[in-house]
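Colleague: One letter stands for each residue in the lines below.
Protein chains: 2
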Amino acid sequence: LEYVILNLLDKIEYISRQFSKAQHKKFEHYVVTRIWHLLNDLSLKIVTQQYVTRSEGRAMTDLYFPQLQVHIEVDEGFHKKQVELDSLREADIVNATGHEILRVDVTRDIDSINGDIGEIVNKIRNKKSGLTEFKPWDMEAEMSAHTYVEKGFIDLKDDCAFRTIIEALKCFGVNYKGVQFVAIKHPFELDTIIWFPKLYPNDRWDNSITDDELVIKQVSKAPDKAKKHIDDVKSGPYHKRIVFTRVKGPLGDILYRFKGLYGLDIDESNKSDGLVWRRLSGRVKTYRLTL
Amino acid sequence: LEYVILNLLDKIEYISRQFSKAQHKKFEHYVVTRIWHLLNDLSLKIVTQQYVTRSEGRAMTDLYFPQLQVHIEVDEGFHKKQVELDSLREADIVNATGHEILRVDVTRDIDSINGDIGEIVNKIRNKKSGLTEFKPWDMEAEMSAHTYVEKGFIDLKDDCAFRTIIEALKCFGVNYKGVQFVAIKHPFELDTIIWFPKLYPNDRWDNSITDDELVIKQVSKAPDKAKKHIDDVKSGPYHKRIVFTRVKGPLGDILYRFKGLYGLDIDESNKSDGLVWRRLSGRVKTYRLTL
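Quick mapping for you: the protein sequence lines, in order, are chains G and A. For the first sequence, my numbering assigns the number 216 to the initial residue and increments by one for each residue that follows. For the second sequence, my numbering assigns the number 216 to the initial residue and increments by one for each residue that follows.
Isolated chain G (complex conformation):
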């Protein structure tokens, strides 16, 4: 199955689907395709209509270069539509604090717009060549546990997301054929659970993560079981969680997005707030499979 997914989604298909998605603004299409084709650089990944968290709040940018942390905004000259909370709920949201935003004013004539896009293309090229460490876009590697096992760790900066829980678990020496649970004991770190939660209100949980992603709250929706669950976790041996949140990726596919290592805040966890998890680290160690 994984083999099929990787093969179906090659670069031409990925880019075509990104282009098709880019058209909530009148000229967004034109700008996005022009930047991509003029850059003419298959080592650069793009995401169109990326949800982001910024100091001003959550928003959507028109074109995102994850490796460069650069976003392009197509500026139509009137006030931007509010991002709908419904579509945001399950979305893959990038924390864009400190990212660079470049704007294209499309209220002028085609020659001026083309001129601006030319400058943006140059800026992107310069940004890439100015990076001390640039990792070319590799669709297979970015979705493969192997990459992170070889590397020895996963860091938030790696922009790491897997298509399946099984693939994510391979980073920690776990080789399951099928997984029905969203929380699995770490085979080597005995105080740690590898956790794949939905970090938004769902059938069983009223979960949330703060915009700065430093705090996760896990609140049960079953009032009779809530207290026992909290007490069990507090008194149990598993006070750390490696978190991959279940999100809808940019093409509508399910992804498990790495969020870091979180630790239980015993004092803050209580019946009304649920379990409170605080981020301990943006980096976790990976392990080879033991045969």
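Some hints could be false.
Just so you know, same-sequence chains aren't split out, so a pair can sit in one copy or run between any two.
[Claimed, not checked] DSSO-like, lysine-lysine: derived pairs with alpha carbons at most 30 Å apart: (1) K350 with K241; (2) K449 with K413; (3) K400 with K436; (4) K455 with K443; (5) K226 with K338; (6) K400 with K440; (7) K241 with K226; (8) K432 with K449.
It should be emphasised that the hints constitute simulated quantities derived from the structure, not laboratory data.
Since the structure of chain G is already known, use the hints to place chain A on it.
Modeller: Okay, now just chain A, sitting in the frame of chain G:
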């Protein structure tokens, strides 16, 4: 009103709408936008999803360069969908006999596809520079009677279509403010009517034009009036018609497309076949407005 239309539809809007339209095939979008952006030539007009008549029958091509008579086909490697007759009925159909068709095979990897598109871009540039007479794309001029009045004639090769009957009539010295009729007497050529028919079955007429566009048949749907209409035209003084057919343009807008000068075939016109008009010329004289 005309002023507004011209201003609304500038090149950036025209191209953006053409891009948005291009996506009935999976990778059509990618190919169309890449060719356009790499050509980077605002003197070249494009039409996406152009209906054409060829010796093999009617079809739709993915990208059309009217000035060069070159079409691009995105080849997905399986049998092409039949063009739906319904959408074809009112469509603006180009006679593509003798036009050049270039194909892009999108069943391979992105590097090969990009390579092919690079070659196509070079071919298009060479074709343009090899033309003895090249008319740069001018959106205002192509929709303005003035262009043809200055030139002294309209020829089929001019790819001439107007947005309004009023604008078309300005080519023949007629300056009406509003027109309710689809047939107006030519002020200078006394055997000629300027005619703006729907050349497909409609409420009142069962009209048709042959694929080679040499013969138009005009058949009334009102059996009681049909014979009288035929007799009146046969015995009347107007045996020639300058024809602009009413079509749906590539962006869904109404256009009046020049088709040439047609003459009545008196012998072939009868109650069952209706009026039979044969093309006499692909070129008609234009006249200045008399003030």
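Colleague: Run the structure past the numbered hints and jot down the numbers of the failing ones, going up.
Modeller: none
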